[in-house]
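Q: Each protein sequence line maps, in turn, to chains A and B.
Numbered per this note's numbering, the first sequence finishes at 572, counting up by one with no gaps.
Numbered per this note's numbering, the second sequence finishes at 572, counting up by one with no gaps.
Chain B regions said to be covered by chain A (calculated; three or more residues, Cβ under 8 Å):
| no. | stretch |
| --- | --- |
| 1 | 15-26 |
| 2 | 38-44 |
| 3 | 406-414 |
| 4 | 435-444 |
Keep in mind that the hints were calculated from the coordinates and are not lab data.
For every residue, glycine included, the Cβ atom is placed at its ideal position computed from N, Cα and C.
There are 2 protein chains.
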Amino acid sequence: MSTIKYEVRPGAYYDSVVLMQLQRSLAGLAGVVDAGVVMATAANRELLAASDLLPDKIEAKADDLLIVVKAEDETAAGEALAQVDSLLQRRRSAAAMAFRPRSLEAALKMAPDAGWVLISVPGRYAAGVAREVLDRGRHVFLYSDNVALADELSLKQEAHRKGLLVMGPDCGTAIINGVGMGFANRVRRGNIGLVGASGTGLQAITSHIHSLGGGVSQAIGTGGRDLKAEIGAISARQALDLLSRDPQTKVIVLVSKPPSPEVATRLLAVAQAADKQVVVNFLGYPVAARRLDNLHFATNLSEAAELAVDIGDWRLSAVSSAIDEIADFQSPIAGNGSQRYLRGLFSGGTLAYAALLGLQVILTPIYTNVPIREEQRLPDLLVSRGHTILDMGEDHFTQGRLHPMLDNDLRLRRLRQEAADPEVRLILLDVVLGEGAHPDPASELAPAIAEARKGRPDLEVVAIIVGTDEDPQDLNGQLERLIAAGATVFPGVGEAVDYVSRGLSQPAASAFPRVPLNAFHEPLAAVNVGLESFYDSLKAQGAEAVQVDWRPPAGGNEKLMAILAKMKARDT
Amino acid sequence: MSTIKYEVRPGAYYDSVVLMQLQRSLAGLAGVVDAGVVMATAANRELLAASDLLPDKIEAKADDLLIVVKAEDETAAGEALAQVDSLLQRRRSAAAMAFRPRSLEAALKMAPDAGWVLISVPGRYAAGVAREVLDRGRHVFLYSDNVALADELSLKQEAHRKGLLVMGPDCGTAIINGVGMGFANRVRRGNIGLVGASGTGLQAITSHIHSLGGGVSQAIGTGGRDLKAEIGAISARQALDLLSRDPQTKVIVLVSKPPSPEVATRLLAVAQAADKQVVVNFLGYPVAARRLDNLHFATNLSEAAELAVDIGDWRLSAVSSAIDEIADFQSPIAGNGSQRYLRGLFSGGTLAYAALLGLQVILTPIYTNVPIREEQRLPDLLVSRGHTILDMGEDHFTQGRLHPMLDNDLRLRRLRQEAADPEVRLILLDVVLGEGAHPDPASELAPAIAEARKGRPDLEVVAIIVGTDEDPQDLNGQLERLIAAGATVFPGVGEAVDYVSRGLSQPAASAFPRVPLNAFHEPLAAVNVGLESFYDSLKAQGAEAVQVDWRPPAGGNEKLMAILAKMKARDT
Numbered sequence: 001m002s003t004i005k006y007e008v009r010p011g012a013y014y015d016s017v018v019l020m021q022l023q024r025s026l027a028g029l030a031g032v033v034d035a036g037v038v039m040a041t042a043a044n045r046e047l048l049a050a051s052d053l054l055p056d057k058i059e060a061k062a063d064d065l066l067i068v069v070k071a072e073d074e075t076a077a078g079e080a081l082a083q084v085d086s087l088l089q090r091r092r093s094a095a096a097m098a099f100r101p102r103s104l105e106a107a108l109k110m111a112p113d114a115g116w117v118l119i120s121v122p123g124r125y126a127a128g129v130a131r132e133v134l135d136r137g138r139h140v141f142l143y144s145d146n147v148a149l150a151d152e153l154s155l156k157q158e159a160h161r162k163g164l165l166v167m168g169p170d171c172g173t174a175i176i177n178g179v180g181m182g183f184a185n186r187v188r189r190g191n192i193g194l195v196g197a198s199g200t201g202l203q204a205i206t207s208h209i210h211s212l213g214g215g216v217s218q219a220i221g222t223g224g225r226d227l228k229a230e231i232g233a234i235s236a237r238q239a240l241d242l243l244s245r246d247p248q249t250k251v252i253v254l255v256s257k258p259p260s261p262e263v264a265t266r267l268l269a270v271a272q273a274a275d276k277q278v279v280v281n282f283l284g285y286p287v288a289a290r291r292l293d294n295l296h297f298a299t300n301l302s303e304a305a306e307l308a309v310d311i312g313d314w315r316l317s318a319v320s321s322a323i324d325e326i327a328d329f330q331s332p333i334a335g336n337g338s339q340r341y342l343r344g345l346f347s348g349g350t351l352a353y354a355a356l357l358g359l360q361v362i363l364t365p366i367y368t369n370v371p372i373r374e375e376q377r378l379p380d381l382l383v384s385r386g387h388t389i390l391d392m393g394e395d396h397f398t399q400g401r402l403h404p405m406l407d408n409d410l411r412l413r414r415l416r417q418e419a420a421d422p423e424v425r426l427i428l429l430d431v432v433l434g435e436g437a438h439p440d441p442a443s444e445l446a447p448a449i450a451e452a453r454k455g456r457p458d459l460e461v462v463a464i465i466v467g468t469d470e471d472p473q474d475l476n477g478q479l480e481r482l483i484a485a486g487a488t489v490f491p492g493v494g495e496a497v498d499y500v501s502r503g504l505s506q507p508a509a510s511a512f513p514r515v516p517l518n519a520f521h522e523p524l525a526a527v528n529v530g531l532e533s534f535y536d537s538l539k540a541q542g543a544e545a546v547q548v549d550w551r552p553p554a555g556g557n558e559k560l561m562a563i564l565a566k567m568k569a570r571d572t
Numbered sequence: 001m002s003t004i005k006y007e008v009r010p011g012a013y014y015d016s017v018v019l020m021q022l023q024r025s026l027a028g029l030a031g032v033v034d035a036g037v038v039m040a041t042a043a044n045r046e047l048l049a050a051s052d053l054l055p056d057k058i059e060a061k062a063d064d065l066l067i068v069v070k071a072e073d074e075t076a077a078g079e080a081l082a083q084v085d086s087l088l089q090r091r092r093s094a095a096a097m098a099f100r101p102r103s104l105e106a107a108l109k110m111a112p113d114a115g116w117v118l119i120s121v122p123g124r125y126a127a128g129v130a131r132e133v134l135d136r137g138r139h140v141f142l143y144s145d146n147v148a149l150a151d152e153l154s155l156k157q158e159a160h161r162k163g164l165l166v167m168g169p170d171c172g173t174a175i176i177n178g179v180g181m182g183f184a185n186r187v188r189r190g191n192i193g194l195v196g197a198s199g200t201g202l203q204a205i206t207s208h209i210h211s212l213g214g215g216v217s218q219a220i221g222t223g224g225r226d227l228k229a230e231i232g233a234i235s236a237r238q239a240l241d242l243l244s245r246d247p248q249t250k251v252i253v254l255v256s257k258p259p260s261p262e263v264a265t266r267l268l269a270v271a272q273a274a275d276k277q278v279v280v281n282f283l284g285y286p287v288a289a290r291r292l293d294n295l296h297f298a299t300n301l302s303e304a305a306e307l308a309v310d311i312g313d314w315r316l317s318a319v320s321s322a323i324d325e326i327a328d329f330q331s332p333i334a335g336n337g338s339q340r341y342l343r344g345l346f347s348g349g350t351l352a353y354a355a356l357l358g359l360q361v362i363l364t365p366i367y368t369n370v371p372i373r374e375e376q377r378l379p380d381l382l383v384s385r386g387h388t389i390l391d392m393g394e395d396h397f398t399q400g401r402l403h404p405m406l407d408n409d410l411r412l413r414r415l416r417q418e419a420a421d422p423e424v425r426l427i428l429l430d431v432v433l434g435e436g437a438h439p440d441p442a443s444e445l446a447p448a449i450a451e452a453r454k455g456r457p458d459l460e461v462v463a464i465i466v467g468t469d470e471d472p473q474d475l476n477g478q479l480e481r482l483i484a485a486g487a488t489v490f491p492g493v494g495e496a497v498d499y500v501s502r503g504l505s506q507p508a509a510s511a512f513p514r515v516p517l518n519a520f521h522e523p524l525a526a527v528n529v530g531l532e533s534f535y536d537s538l539k540a541q542g543a544e545a546v547q548v549d550w551r552p553p554a555g556g557n558e559k560l561m562a563i564l565a566k567m568k569a570r571d572t
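Bound conformation, chain A alone:
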């Protein structure tokens, strides 16, 4: 029969390393079977219960420390609890052996060249520390989780205004100028720069790059929420911009759990403007092509690494020649001047859907009658707006009427309507041949295309033709008539989408200073506030580092903290 004894220590701050070590020390004492040392939150109580370590009646608040010992008998349990203070003391004196500054200010006096501050204090204190770091003009690596979304936004906005970078909150991994921050694998230096809103994603890709013989220039973390609509990928966009200017980076990898669709489109526009090849791996995000312009889409982490190494290596002639070939080409709808919209008039539902799937990645706003996301729904099917993709074989257009694969009447009328809209620069059509379909679609479409382009030399018509050389319509004859009418013809949706996407994005001018490259090219110097193991790791990698002996302000008393913060604000 074992027995359980416990002790509650109200309030006060304990580092989680201290708690883990206390638990291990207690569990290792003679006669002790198991031990638990946790903050008494509801979740932790449940976890204690699952290990059969939760005493029956217990009174403790969420911020109380709960120390539980399960021992062979009452005596052993009591003796174990009696040692708690000396065990905590032993830990403290070890830490006290080295001189440690107690404030960020003091630490930065010791290491004035430190361009980086790592923060891993509990979430409720982290935003305050990060704010002070930005005030002092340093970049932030913010490991702490449980930071409010509003704090993340204001920190990142502030950093953006100052040309500083906030990696995180909840940023697990970064490699800056060869030095890992947080959790990071030791990898070869090389020409692959990474941006990751996913911690172990960055680790898996960088490790795999290393195992393939490739190397990493910089790996920049952003924290898991950076690509949510509320934050708008502020850090990821800064990081992409930075890597695009970094002479050591030849290929960029962008990895994230699925971003919000609007953010994805904006971020990919920045990536497209990067003037470098970019491997994109949005985990679980539907991909419509392997490549769009300079963007290469990977389906998983391993493939992202493999693609990056292949492109960075430049030995894969297939990739490099394909990239060279398109270097100077620009999409007909590229450009920042007047509105340049695309209008797709499809007879094939799946072709319309596949085109939307590819184009929604790079074109915004885009509307349709076959929406993938509800906000894409075109309110009035008779009037296009922005970029529009219409499936004209859909019910609305075919009531008591032949399918547009048999009867082009409505499509021809709509073609004329779109061509009369000066905001339209490109009309996209499909021409589907084969048994059962219109016996000669080009005889109707080609004159209409020629007519539409007569008064509009700037209007491009792109046709996707689906057919074989054995189809009854004579594939080559159809092709020739469409080309003679001035259409640009492709054999599939993928090729047409690729054509439309090339060189679509130009870098946007920013009102804010860009993040300077020097902090990424100078020997790394950093201040660490929080988990000591991160400090140890910086030192082990040869970086200059200072550890702050951090304690929560006002001993963790939140009311007092607020008053202190106000007084401080008044001082400055």
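With chain A's structure known, arrange chain B on it following the hints.
A: Same frame as chain A, but now just chain B:
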């Protein structure tokens, strides 16, 4: 100044080809500028208005025929309208030139070997015709749209019970034994069999296969709603089963717009059991890997064609050897006997997410604390159920506690808990090395793994190790200890998911007769009810075909139709 005149013809049925031809004939008359001939639905009125063809005050019901003529003057408009009857008459007498049976029964007497009936009558009549076809033991190609979902379900259930196939409703394309039905490109015969819930998707892939030098055994359409949860992919599953038994089919292609997730998993289980290589292209469905067992995932239509040709060709040694190698291997959780569940205990959030992304495709039910879809959420995080993937670095598990990359305490407790569950056959762990992480995770994990497997020789532990040969933990040493403890170790999520997925599915026994292969291997004979151009196309392809001179029962009067149907049911 042009003028508009119109005529309303209440009720009665008109074939859409007739309407199109009447409109063209009217538009071609002297003095006529434009013409519109449509059923007077709201959508069609809007379309007329867009072409400036909608008269101001007009009284017509949705099933009235509306004939509008815009002419240079009153006289021309009046003369055009006066010709409507003779124009309609001209069309009729041409059709009457050939002898045409007026009923399905009569048609099948003329062509008793016809195994197929094509139906393209208006949607409200289509289910009735299809029901009669099934009663007469023939397969259905149902081109008509606007068929009620409940009718689709009952038709497909009835067909399934009888070993018959219903392709559609809204099925645009099929190629059966070399003959295209509906819209179909003429392509080479070959060893690639296709199942498509997407019409132009099938056309694009089969055309591309042909252009690459490959060929098609059968292309079976299912209609766009077959993969919705309500229908449960009845036709697609029958088609997959059929192609898996077809000796002429070597590789199968499955194409669809995104299916409902539950249906996708069930359908992929059937595909996995097919004992053939299957190329899957669910447009816009997130893909987690290029390949899982015998399933090859394509990101778009072109790639689906390219993959199928490569695999069918068998010349690509890389593909064939990879396939040979795994032929006889079976996943530890394969088998139909007792429950065989997987439990994943991850320290890395992205690794957990990536594993879920891959495994959700093939494992069901699957639960997690990082759900991709809400129904995957594990209600009680302390108790796993079914297949479970836990991100143990997520907030619930880390309140005031070190991350599991630093402290394995909770993971080790959970490992013991899962190993004690007799329904668990496989425990999946990640081991993340590198700077900042636990200095020697194997020292804690390996003994726990060995301990867990001691009393459970059937329990497999799979570890994903993320690290490099330069990491401070000594990658090889970690590997050796994990393997010595009995773990199966992989360098990435993809490899582990692939291992878990191999040979997972066995063909399920069906209570219903399977679709016999003969209708796919005998020279094609079919009856066509509806669009005459489909009949013409069958004949042009050398198939035996009979056209039914179909008219709606009771002249299209719905009340009378219902009475007739009841009387007929009483007769049998």
